[in-house]
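Undergrad: Sequence:
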Amino acid sequence: PPSSSTLPPRRSSNKSASMTILGRVGKLVSLFFLMIYDCCCAFISNIAPVGMFKYKDITGQTVLITGAANGLGRLLSLRLSTRQCPLVLWDRDEKGLKSVQEECVANGCTVKIYTVDMLQRKEIAAAADSVKREVGPVHILINNAGIGIGGKVVEVAEDDIRKTVELNMLCHFWMAKEFLPEMLARDAGHIVTVASMGGLFVSAQDMIPYCASKFGAMAIQEGLENETACMGKHGIRFTTVCPAYFQTPLLDNLTTKLSMSVMSVDFVADCTIDAILRELRIVIIPKSLYFMYAIKGILPRRTISRFMVSQLRNSR
Numbered sequence: 341p342p343s344s345s346t347l348p349p350r351r352s353s354n355k356s357a358s359m360t361i362l363g364r365v366g367k368l369v370s371l372f373f374l375m376i377y378d379c380c381c382a383f384i385s386n387i388a389p390v391g392m393f394k395y396k397d398i399t400g401q402t403v404l405i406t407g408a409a410n411g412l413g414r415l416l417s418l419r420l421s422t423r424q425c426p427l428v429l430w431d432r433d434e435k436g437l438k439s440v441q442e443e444c445v446a447n448g449c450t451v452k453i454y455t456v457d458m459l460q461r462k463e464i465a466a467a468a469d470s471v472k473r474e475v476g477p478v479h480i481l482i483n484n485a486g487i488g489i490g491g492k493v494v495e496v497a498e499d500d501i502r503k504t505v506e507l508n509m510l511c512h513f514w515m516a517k518e519f520l521p522e523m524l525a526r527d528a529g530h531i532v533t534v535a536s537m538g539g540l541f542v543s544a545q546d547m548i549p550y551c552a553s554k555f556g557a558m559a560i561q562e563g564l565e566n567e568t569a570c571m572g573k574h575g576i577r578f579t580t581v582c583p584a585y586f587q588t589p590l591l592d593n594l595t596t597k598l599s600m601s602v603m604s605v606d607f608v609a610d611c612t613i614d615a616i617l618r619e620l621r622i623v624i625i626p627k628s629l630y631f632m633y634a635i636k637g638i639l640p641r642r643t644i645s646r647f648m649v650s651q652l653r654n655s656r
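Numbering-wise (this note's numbering), the sequence shown opens with residue 341 and increments by one.
Derived Cβ-Cβ restraints for the label pairs, each shown as a range: (1) T399 <-> F513: 22 to 32 Å; (2) Y395 <-> T360: 41 to 51 Å; (3) D378 <-> T455: 37 to 47 Å.
These are calculated hints, taken from the structure and not from any lab test. Think of the CB as a built atom: it goes at the ideal place given N, C-alpha and C, for glycine as much as any other residue.
Whenever a hint applies, use it, and build me the whole structure from the sequences.
TA: Set out below in structure tokens:
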């Protein structure tokens, strides 16, 4: 029979096990209420009109924008040029860059431009070194550069698929490796990725490489946020922008039958700036598509497929 001297440790062990279980239950209850709170905040934030909430002050903060010479990148540059923040603009279109620089300088903004081919890792590294040396730390990084090549996956050239994945996804790794270490050292910064609704829903056809690359870009962004939090760095913000169809050169390469309207670049630019200055984690444009995003994990795969085919089936 056990001696009496062995009983107290057993009672102590049982008490310790009970406390561990209570602790775990307490954590689960706490996480549940935090989840409810986060859902309520997200719902209010997502339905709020542009400009409803107070914006953060980015005066004096250096903003780097890739793909800044044309389209959405150009409009983001022009809108930010009025907020007294120095701009660093990257693109391979040197003529377009100089034009945007002139427009931003006319708004009283300090602008540095760098001609960079985002498909070339060495050029990214060289330009990043120049920025760190000539400008200093980057506070807000906007990964906007991208490419869209339409066509059925069995018909698209392998080189075009590689280009799409390299520019829309892999270069986000390279930009993070260049600029995230300094943000980690300061525990401050903001990384913005212009993804796509194609990163949430794969289009019915003609856009598989594009959508796959945007899924990857979103995974990188989500992973970076999780990883920095695990490192105890909670001062770095991450924003992912997911617009549906808007007027870009990609649409010119497709003959897609759309039941939804094509948005203007100006509208997408306004929503993107709003998301950046409010430090939103994810913004879907237009807001009506938040509903589809919310129920994607609930609806059967067949239902989602029927919807995508009915709405986005190519007319060819």
